[in-house]
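Trainee: Chains as they are written, first to last, in the numbering used here: chain A, 8 to 328; chain B, 54 to 332; chain C, 4 to 746.
FYI, nobody ran anything at the bench for these hints, they're computed from the structure.
Since the model is a prediction, treat every value here as computed from it, not as a measurement.
Here a beta-carbon is modelled for each residue, glycine too, at the ideal position from N, C-alpha and C.
Among these hints, one or two may not hold up.
Stated by the list, open to error - Examples of chain B residues toward chain C, derived with CB under 7 Å:
#1 E192
#2 T250
#3 V254
#4 L271
#5 R283
#6 I291
#7 L296
#8 C299
#9 V303
#10 M312
Said to hold, decoys possible - The following label-pair restraints were derived from C-beta to C-beta distances:
#11 V623/C - K66/B: 38 to 46 Å
#12 G91/B - D112/A: 54 to 62 Å
#13 I42/A - F83/B: 45 to 53 Å
#14 R275/A - G475/C: 50 to 58 Å
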Amino acid sequence: MNSVIPVLDPASPQAEAIHNLFLLVLLISAVIFAIVAGLILVAISRGRQRQTLPKQDFGSEKSEIFWMIGPVLIVIWLVAISANLVITLNAIPQADPDGKTDINDIDLIVTGHQWWWEVKYPKSGVITANEIYIPADKNKKFRVQVSSDDVIHCFWVPQLGRKIDAIPGRDNFIWLQASQPGSYQGRCSEYCGAQHAWMNFKVYAVTDAEFDEWVASEQLANKQPKLLSPLANSGKQFFFQATCPQCHTIYGTPAEATIGPDLTHFARRKEIGAGVIENTPENLALWLKDPQALKPGCKMPDFKLSDEHLKQLVAYLETLK
Amino acid sequence: MSSYFDLTSELWKWNSPIWLLVLSLTGLYFLFHRGTSGKRSVAFLFAMFALAIAYISPIGVLSDGYLFSAHVIQHLILLLIVPLFLLLSLSESATEALFSHPFMNRLGRVMAVPFVGWLSGLGVMWFWHVPSFCNASTENYALGVFRDATFLLAGLAFWWPIFSPVKRFHLPSSLAVVYLFSACLGCTLLGIYITFTVISVCPAFANPVDRLGIMHFLYDQGLTPATDQRLGGLLMWIPPCSLYVCAIMVVLKRWYAEMEQTASPKTAGTTSSLREARQ
Amino acid sequence: MTTGSIEQSERTSLEPPVTSTLLLDWVSTLDHKRIGIMYILTAVFYLAIGGCEALLMRIQLAMPNNTFLSPEMFNQLFTMHGTTMVFLVGMPVLTGFGNYFVPLMIGARDVAFPRLNAFGFWMLFFGGLLLHFSFLTGSAPNAGWFSYVPLSTKAYSSLQGVDYWIIGLLIMGIGTVSGAINIFVTIICMRTPGMSLQRVPLFVWMMLMQVILIILALPALNSALSMLLIDRWLGSAFFDPTRGGSAVLWQHYFWIFGHPEVYILILPAFGMISEVIPVFSRKPIYGYTFVAASSVAIVLLGYGVWAHHMFAVGLGMYADIFFAVGSLLIAIPTGIKVFNWTATLWGGEIRFNTALHFAVAFLLQFVIGGLTGIMFAAVPIDWQLTDTYFVVAHFHYVLIGGTVFSLFSAAFYWFPKMTGRMLNERLGILQFWLWVLGFNMTFMIQHFLGMMGMPRRVYTYADNPGWALLNGISSLGAVFMAIGTLIFLWNIGTSLLRGKVAGDNPWDAFTLEWATTSPPPPENFTVIPEVKSRRPVWDLNHPKNADWKTEKTPPDKGIRPNMAKLAAWSFIASEAVFFLLLLIAYVVFNTRSGEGAVSSSVLDVERTGIFSLFLISSSVTFWIAERFLRAGKKSAFVFSLGLTILLGITFLAGQVWEYTGLLTNNITINTDLFSATFFTVTGFHGIHVTAGVIALFVMLMMGIKGNLTPGKSHVFGAVGVYWHFVDVVWLAVFGIIYLGLLQ
């Protein structure tokens, strides 16, 4: 499912525009390189055969200016097309043809943490981590506010468009949009400490109906089965006795801390640890057993849980759908 | 909805009094300036064109209380473009006679002192962006005219040590480069300050009086007061510095062409091709 | 004659003492040639270290989910790799070649200030040692070679690695700036008669451009480093967003240094190529004035493009566009040079030896790097590809494909002059192909990895399709480069012992260094050819085709400014940038709306105003003292100078009074951003005043003893330039902080 060369595989109008500009500049560069390389190699090969002292040519002002006309024109043209794209991509209201988009209407708030992404939908109250759902609709653009809680991170989904830094003390804004359904890999692209490498996230572009359904299910307070299995029940009790609530939130319970990712709908997420491993019960057990083994330096310590507690916790967490 | 290039729209002011100045200067130039070459006439006409554009085009109309960035463009034209091309349009032969008068010679020498030109050019830029002065000159017509006149005169003083038609007033090349580079630094600092500060540098532009009914048109393009000021700051910084870099290139071209000998071509009176190295 | 030559003739003998060892000779040397070689050897040493760091990283990255290195180790390695390569390899090796060859190419005996030269080298040496000592503490710097905040603040980097980084760089920076001032004064003041500045070899011109960049750009780094250090050690909040500081200000300041830094690393390379290509084409450089003038354009424009490293920061579309325009414009002067080098080759009688091989590879690879640079200047492309392996590929193409290859070229060109032996051509060609193969294998691939989404500075990666294969190949390329380097070192070793004897001018080259023996004698020349063109040795050896017969160049007007004064002006230009940036920080942090801009409430403006008058009048008394000195009136001179010192000390006393008042009222450097910026600006100013007072005191002692004669008054004048500068800075400080102008 993952695209092999995401920058060349755009899935949004924004990414496509950048992709086209890139190919154009690449083409111009290739031509320039071919010309320069050709001239140099011809000069060398001819020159090696020369045996007599060449004309001591000091240069010609006219030639210099003549040869520069082409590059100057290319530069002016590049300025024009890239400036135009900058303005369009920033999409101040007038640049959006339907005139219905308000740049102050925030659809999504993304906050970078060491080393996970906090995702909030202010209008519907949904809170999750490391996963973003958007409707795959050419006419729907999400206004995203990007910031950070600690150091500088960088929010980047190559197939969907530009990257933007997540800076503490500052709010940045971008548009997020997908032209077709799919799952799109996102990455942190600003060195942010030990586990910068594992600060991945995914953007899932789904149909409108699927999106509404997802929002609805995420909004509900965690609806556990009325009867937890004995194992899950023990896990729940252990969870609240242990230090877990000091970092994590489970909506509707005493666990309300926001140091680590929100776990309310943890079981529905596809990956653990910002992309380190897939979210399966086996992997969850591995993670809980020793997070430091999978993501050394991450902020979740190795609690040295007993096997029994592990099984209980996994059972409980798997009920958080 | 108006467009910048619609010459009949309210964004163009064809009845600006600047035509008086343009026409009288043109008359004076072609009547009294002898030794006019094609290139110099073009330079002069360009100066007049720029002067006119600064007032009759949307640049002029919008700088009158609407857009800080337009006001910056207008003043860059008045301070840097018009005086530069005016100086370039004068030939040395025509002006040499004028500057051999004792008083004019003194004036020319004073203007050739680098600090005079430098402080005039930069001083006038910094002075008129002190918020109270910026406001007053935007809101008061007479003060605005005075301000524009100071820009033109300061521009002449600034470019004098580099482009004076009378070559003996030119700075030596190395100093000219320092002069221009430090001027770039001066307008960079002001430009950076204006771009990044949260204070409104010229409050009159933060709340314009919408005489022409075009505020909506401007806001739709994203030109809110904050963006407008940022744009103004950037304009005050990069275009002038680019111009200074070009001027430095011209100075360098002159420097590399300094073939005139001051003394005899031989060095240190030696005729052999080798010299004893100094200890 | 000018004062420059008077100073030369008064120089004391540089003969070593009677009892000495080889090691002591080198350690105590003041000879620019030996200092140049020490710079180069230091660079080679750190190249080995930085190269090993790279190899270790490539081993870790050769496979997905690799556990060869821990993330902590990897992060320290990439930080140290970048820092080492830039500050301990790139800059020193270029300074080394500059040190060795600039005096020779201008027909001088040594640099302007040989002791300062040695000082600069040893500062670099010890700074490098200090930086690497951090490995032994278990905590080398690990916040990246540009150490972005807040990651590099104490809160997120509590170990001392970043501190070693800061202090190491500050020390190295002092060495670098003093070296640059030295070269600057040397080029301006010590050219042999006949060599006008319009006739200097292009390597000398490029070094002149480079040292101007160093003098005006390094202080920006120093101001940022100082603020970060004060944050880390004294708890201020310059870079702490939770307490009003700015995470972005660091980036601005770093890149105001960092962008000129890349030109510092490439301009001398351009210079070296501009020497090599003409010699091995047997023609002069095509369009000398365009190559020279375009370098001036690069220096000037280079200060206006720094935020192209910050396109992803979200500075706003107008800022992005303006910086993009500047960045695209800078392509033009660079393009002019490429055209000129190509035109030099065209129609030439080509000797395609190892030096020219490396020069041609430089051209092709640098153009590739430059073109990817153009891509980044088109902002939306940068928005996709910055901070990925695409940008890693870009800068390695310009730095290795550019600078390193030009250094190899220069090595083969100049080794005969430095050692009297030729390097082995076959080994050279072998090294060349290994490097071309290895370098392009490693870094061309990385363009694709960037497009495939691989961010930079990641210690490992998931098994994404294609990543393992490409990373593996990229790692393999490093092995070829390593082997090529070993062959190069072998070549150097064996050639030193058994290489063909070179003679004075084995290449029939054009510039003055070839008019003396190989290696040159300690005094560089016994006779210097007359200089009537840009190729004096060509003219000497080919009188029928001498340049001056066909190509007129501006003659030497004999202007050689006073060396001490020029050095003083260069130094204060550097310090001016430092203070300017600190003052900008003050304005930035104290003009925000709201929270107590407290200058007027805690500072006693009138009292400080009075003490300021003392300081300003000390400039007047200094000026008077200088006039007395020149007039030979010793006791009046001593009196005025003594008065100057007293006035300076009085000012300092006033500062102490002010500080005491603030500290007893619990206003310390970490109280808030006003106090932080206040103490930083006035503190550094106070340090400068103190240093000035000490210098004046030394002058006073010399004056009393009678060592300061009217003939030496220019030295006193040079100190005066510094002293007046310190006063001018205070005027700015007083206006901005005490009077609140700009607020």
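Trainee: So, for every hint listed, does it hold in this structure?
Mentor: To see whether the hints hold, each was checked on the structure:
Annotation: E192/B was flagged as interfacial toward chain C, and the flag is violated, the nearest CB pair being 23 Å apart, outside 7 Å. Residue-level restraint check for T250/B holds (minimum Cβ-Cβ distance to chain C is 6 Å; threshold 7 Å). With its C-beta approaching chain C no nearer than about 11 Å, V254/B sits outside the 7 Å limit, and its interface hint is violated. Annotation: L271/B was flagged as interfacial toward chain C, and the flag is violated, the nearest CB pair being 15 Å apart, outside 7 Å.
Because the beta carbon of R283/B sits about 6 Å from the nearest beta carbon in chain C, less than 7 Å, this interface hint is met. For I291/B, the interface hint holds, the least distance from its beta-carbon to any beta-carbon of chain C being 5 Å, beneath 7 Å. Below 7 Å, beta-carbon pairs count as interface contacts, and L296/B has none with chain C, the closest being about 12 Å; its hint is therefore violated. For C299/B, the suggested interface contact is broken, since its CB lies about 9 Å from the closest CB of chain C, more than 7 Å.
Residue-level restraint check for V303/B is violated (minimum Cβ-Cβ distance to chain C is 10 Å; threshold 7 Å). For M312/B, the shortest C-beta to C-beta distance to chain C is roughly 5 Å, which falls under 7 Å, so the interface hint holds. Restraint check, V623/C to K66/B: a C-beta distance of roughly 54 Å breaks the suggested window 38 to 46 Å. Evaluation of the 54 to 62 Å hint for G91/B and D112/A yields a pass: the beta carbon distance comes to about 59 Å.
Hint check: I42/A to F83/B, Cβ distance near 47 Å, so the stated range 45 to 53 Å holds. Remark: the range hint 50 to 58 Å for R275/A to G475/C is contradicted by a beta-carbon distance near 36 Å.
Violated hints, in rising order: 1, 3, 4, 7, 8, 9, 11 and 14; the structure is consistent with all others.
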